[in-house]
Amino acid sequence: MSVSELTLLVLRLGFLLLLWIFIFGIVYALRSDLFGHRVRKQQQDAAASAPQMAYVAAATPVPAAAAPTEQFTARPSAPPASSGPERANARNATRLVITSGPKSGTEFPLTSDSVTIGRSGDSSLVIRDDYTSTHHARLMLWNEEWMIQDLDSTNGTFLNGSRLAVPTPVPLNTPVKIGATSFELRR
Amino acid sequence: MPPSSNRAAATDAPARPQGTKPGKVRRLHLPQKLRHLELFLLLIACGINAAAVMLVQLGALGHIDTTLVLLGAGLSVLVLGLHFVLRAVARDADPFILPIASLLNGLGIAMIYRIDIANGDAGWESAAVRQTVWSALAIACAITVVLVIRNHRVLFRYTYVAGFIAVVLLLLPLVPGLGREVSGARVWIGIGSFATFQPGEIAKIALAVFFAGYLVRNRDSLSMVGKRVLGMRFPRLRDLGPILVVWALSMSVIIFQRDLGTALLYFGLFLVMLYLATGRLSWVLLGMALFLGGAIIASQTLEYVNGRFTNWLDALNPDVYGASGGSYQLVQGLFGLAKGGLIGTGLGQGRPDITPVPQSDYIIASLGEELGLAGLFAILALYLLFVARGFRIGFAGNDDFGKLLGVGLSFVVALQCFIVIGGVTRVIPLTGLTTPFLAAGGSSLVANWIIAALLLRLSDTLRNQPRLVV
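Sequence lines, in order, name chains A and B.
Residue numbers for the first sequence follow this note's numbering, so the first one is 1 and each next one is one higher.
Residue numbers for the second sequence follow this note's numbering, so the first one is 1 and each next one is one higher.
Simulated from the structure, these hints should not be mistaken for laboratory data.
Beta carbons: idealized from backbone N, C-alpha and C, even for Gly.
Just so you know, not all the hints are guaranteed correct.
Claimed, not checked - Residues from chain B shown here face chain A by an in silico Cβ test under 8 Å; the list is partial:
1. 41
2. 45
3. 96
4. 381
5. 385
6. 469
7. 470
To be verified - These stretches of chain B come out as covered by chain A in the derived footprint (C-beta under 8 Å, 3 or more residues):
8. 52-60
9. 338-352
10. 365-374
As the list claims (entries may be wrong) - For each label pair, taking beta carbons as the anchor points, the in silico distance ranges come out as:
11. 36/B - 130/A: 26 to 34 Å
12. 7/A - 175/B: 31 to 39 Å
13. 275/B - 149/A: 17 to 25 Å
Working from the sequences, and respecting the hints, build out all of it.
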């Protein structure tokens with residue numbers, strides 16, 4: 001039995017095609033890694049969260065000064081340099097509470113692990129709206145203190161209204177705003 | 001309802017206080033979804049492998065016989081076995097690593113089988129049969145790694161043991177009676193006349209574990225202090241110890257084992273992990289200057305290094321081409337690649353066997369001849385995806401040791417590809433390293449499957465399950 005030249009040519013091209021289909025299959029499966037997650041539709045959540053947002057706005061204390069940015073190597077036992085609220089550290093902050101946005105009112109406990117925030121599915125806190133980057137920001141413990149670091153996001157991370165440039169300590173009960181969502185660290 | 005009572009702890013649903021709406025937390029990646037995707041891709045990969053073997057038989061023999069049903073099916077059964085082990089013990093592992101590695105391994109076996117046909121080898125003489133047996137052993141090792149190492153943090157405890165093992169493995173080929181010299185390089189060990197093995201391949205894994213552990217422990221002194229010169233912070237003189245030790249190690253590999261590629265591999269691995277751990281470009285510049293200096297001195301003083309450089313720079317010169325140990329092999333490989341053109345001669349229809357060692361060092365040239373530029377780029381894309389998945393593991397995790405290890409291991413694969421394929425295509429001087437997963441060679445297969453297993457384990461333990469989805 002022998003095979004004609006034409007059959008071999010067709011098979012050979014078919015094989016190359018199959019190889020590339022496999023590769024593009026993988027790339028297609030990876031698309032959320034390459035292009036970010038799709039934005040979630042938020043209409044159905046807006047109505048539900050409206051009353052909670054009002055409550056949060058009334059309950060949230062507004063600290064006087066933004067936290068100092070230059071002192072993240074300070075000992076955790078040292079008193080805060082500014083007159084602002086107490087900084088969140090591994091001992092006094094136990095939970096992260098969402099204070100505004102579609103899931104306002106939900107919370108989860110803080111552990112010693114850092115908390116990654118972004119639209120990507122492998123973030124610890126996944127926020128899917130138009131304003132959040134795939135890997136947006138990160139909360140981490142430095143010298144036992146909770147610091148927030150903006151991961152070069154497009155729309156920025158706001159601590160108590162001012163946009164973050166460098167990793168900054170997070171005071172307790174102070175809103176951190178990412179996209180349409182704010183959260184606080186609480187006891 | 002006060003907001004504070006609305007707990008959404010993803011991990012302990014029964015511990016929620018009253019008043020909680022169920023279904024607050026959605027899992028983004030259902031674990032079984034990942035494994036189903038893996039199975040789907042794996043079946044395609046096995047199909048492509050079988051098709052490759054069939055095309056080789058059609059092209060070279062003109063008919064399909066059952067010899068290779070054994071080989072093709074053997075590999076498929078093995079990788080499916082690994083897949084089901086992952087279903088049980090690493091449900092969140094990356095779904096792309098296993099299919100990619102399987103496809104590369106299968107393409108390699110098909111190409112080696114093709115060379116066997118050209119050489120008229122069959123039975124235990126056949127390199128393809130041996131490669132399949134080695135694949136079985138390698139995948140068995142991978143399954144063992146996934147089963148035994150349930151959490152990569154275990155490896156952190158054995159940092160210095162890993163370093164010791166790496167040095168012992170590197171020194172083994174120099175032991176009289178045990179070491180073997182194959183085509184000039186003393187990187188083999190063998191007992192009696194059989195079971196030759198390159199311990200250096202395993203040493204690269206031990207080195208990656210050691211570097212990761214060492215750098216996580218000591219990076220502060222390597223990254224925080226030093227003088228600023230020209231806008232870059234250079235390390236203190238006394239912190240240069242580690243880089244000089246690794247440099248001396250790679251230089252001794254060049255001098256005593258006469259193996260340029262391995263030396264470059266180890267040093268490159270250390271440099272990249274050092275850069276990752278400290279984030280300072282000055283280390284990379286220092287390291288590259290050190291290695292380039294060493295390589296230039298070696299090329300002036302060591303005859304074999306000098307020969308490699310001549311073959312590279314002056315390959316098409318008839319004197320160099322005809323000389324013993326000259327550029328004959330390199331140029332034949334280039335001719336083969338040129339013959340392949342855009343879509344190749346077709347599997348089984350080229351003459352890759354003209355090039356010396358077409359099934360191991362030159363398997364890329366063989367594949368390039370029969371699959372053409374389109375096929376070669378497909379293979380490079382597979383490596384790219386494999387390495388990208390490894391880097392991705394390093395990006396996602398919270399644990400510094402795991403990050404460094406993941407990126408280090410995948411970078412080793414990338415650098416090895418660059419050194420081999422760069423050598424074959426005359427981008428850099430040719431050095432004898434194996435193409436990961438593709439080339440004939442047991443030690444390389446075992447080492448790379450262990451790397452794949454470690455990456456699978458890392459991706460499972462480091463994958464962040466979201467605690468809250470907004």
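To see whether the hints hold, each was checked on the structure:
For residue 41/B, the interface hint holds, the least distance from its beta-carbon to any beta-carbon of chain A being 7 Å, beneath 8 Å. With a least beta-carbon distance of about 7 Å to chain A, the hint placing residue 45/B at the interface is held under the 8 Å criterion. A least Cβ separation of about 6 Å between residue 96/B and chain A falls short of the 8 Å threshold, and the interface hint therefore holds. A distance limit of 8 Å between C-beta atoms decides the matter here; for residue 381/B the minimum to chain A is near 5 Å, and the interface restraint holds.
Restraint check, residue 385/B versus chain A: the minimum CB separation of about 6 Å is within 8 Å; hint holds. Taking 8 Å as the C-beta contact cut-off toward chain A, the hint placing residue 469/B at the interface holds, the least distance being around 4 Å. Contact between residue 470/B and chain A, as hinted, is supported at the beta carbon level, the nearest pair being about 4 Å apart and thus within 8 Å. Check result for the region 52-60 of chain B against chain A: holds, 4 residues qualifying (beta carbon to beta carbon below 8 Å, three or more required).
For the region 338-352 of chain B, the stated coverage by chain A is satisfied: 5 residues place a CB nearer than 8 Å to a CB of that chain, which reaches the threshold of 3. Only when three residues or more bring their CB closer than 8 Å to a CB of chain A does the claim for the region 365-374 of chain B stand; here the count is 3, and the claim holds. A hinted range of 26 to 34 Å for the beta carbons of residue 36/B and residue 130/A is consistent with their spacing of about 31 Å. Between residue 7/A and residue 175/B the beta carbon distance is about 55 Å. The supplied range of 31 to 39 Å is therefore violated.
At about 20 Å, the CB distance of residue 275/B to residue 149/A agrees with the hint of 17 to 25 Å.
Checked against the numbered hints listed earlier, the structure breaks hint 12 alone; every other hint is satisfied.
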